[in-house]
Amino acid sequence: LAKTTQPISMDSYEGQEVNITCSHNNIATNDYITWYQQFPSQGPRFIIQGYKTKVTNEVASLFIPADRKSSTLSLPRVSLSDTAVYYCLVVGSSTLGRLYFGRGTQLTVWP
Amino acid sequence: SQTIHQWPATLVQPVGSPLSLECTVEGTSNPNLYWYRQAAGRGLQLLFYSVGIGQISSEVPQNLSASRPQDRQFILSSKKLLLSDSGFYLCAWGSEGVSYEQYFGPGTRLTVT
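Note that the protein sequences, when read in sequence, are chains A and B.
The numbers in our numbering rise by one with no breaks, and the one at position 98 of the first sequence is 98.
The numbers in our numbering rise by one with no breaks, and the one at position 41 of the second sequence is 41.
Note that these hints are calculated values from the structure, not bench results.
Hints are not guaranteed to be accurate.
Unchecked claim - Quick list of the computed label-pair ranges, beta carbon to beta carbon: (1) P106(B) - S74(A): 27 to 35 Å; (2) K54(A) - S20(B): 42 to 50 Å; (3) G102(A) - G54(B): 30 to 38 Å.
The C-beta atom is built at its ideal place from N, Cα and C for all residues, glycine as well.
Using the sequences and the hints given, assemble the complete structure.
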C-alpha cells in the first residue's frame, strides 16, 4: 500500500494559483493518483485523477512527473469557496480499488 | 442520475445502546458500497466495503458490523456503542469493479454520551 505525504496546511489569497504537492514513493505500476476535496460536515468529492504527465479538467490540473513518485494538484485562481481539505490518494492494484484517506491538506483562502 | 441517501443526519446515543445507520443508493445497479468514519480533526477511515449482496469485508476490528440485504442498501450496526464510536459516518458508492471515483452521502453525525 503506497503511503502518501502532503502538507498539513496551506494558505493563499483569492485569485492566486495554489499548488499542493503529494509524495508517494512506493506507488505501484498499476496505481493511479486521485485527489478529493472535502468541505466541513460533508463527504469528500472527487476532483481529478491521473496516471502520468498532465491531466486537466474544469476544476484543476494534475501534474505527475515521469517517475510518478510525486504529484501536484494545481488550483487556478482560487476563491474563498475553495477553502477545504484536499486529499491525495493512490488507488489501484495495491489498494484493490479501495480509498485510504490520510489527514489531507487544509487549504485556507483569504480575501 | 444517481443519488445516495443516509439517515439519520444526526444521532445522540448513550454508551451501551445499539446503533443502526442506513444508506441507500438510487440510479445505479451492482454498486460497490462503503462505510467510512471520520473522527474529529482526522481523515476518513474505511470501515467496511461490499461488492455485492451479503458480501462484506471489514477493514478494522471493532464493535461495528455491516450488512447488505439488498443491492442498493447498506446498513451499519452496533450492539453496544462505545464512546470511541463517536464521529461522522459516511456511506459511499462506486461503480462495479475498481472504483477510483466514489460518491459520498451526506453523512450521519453520531455522538455517544
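Task: Violated hints, by number in ascending order, as checked against the structure - done: none
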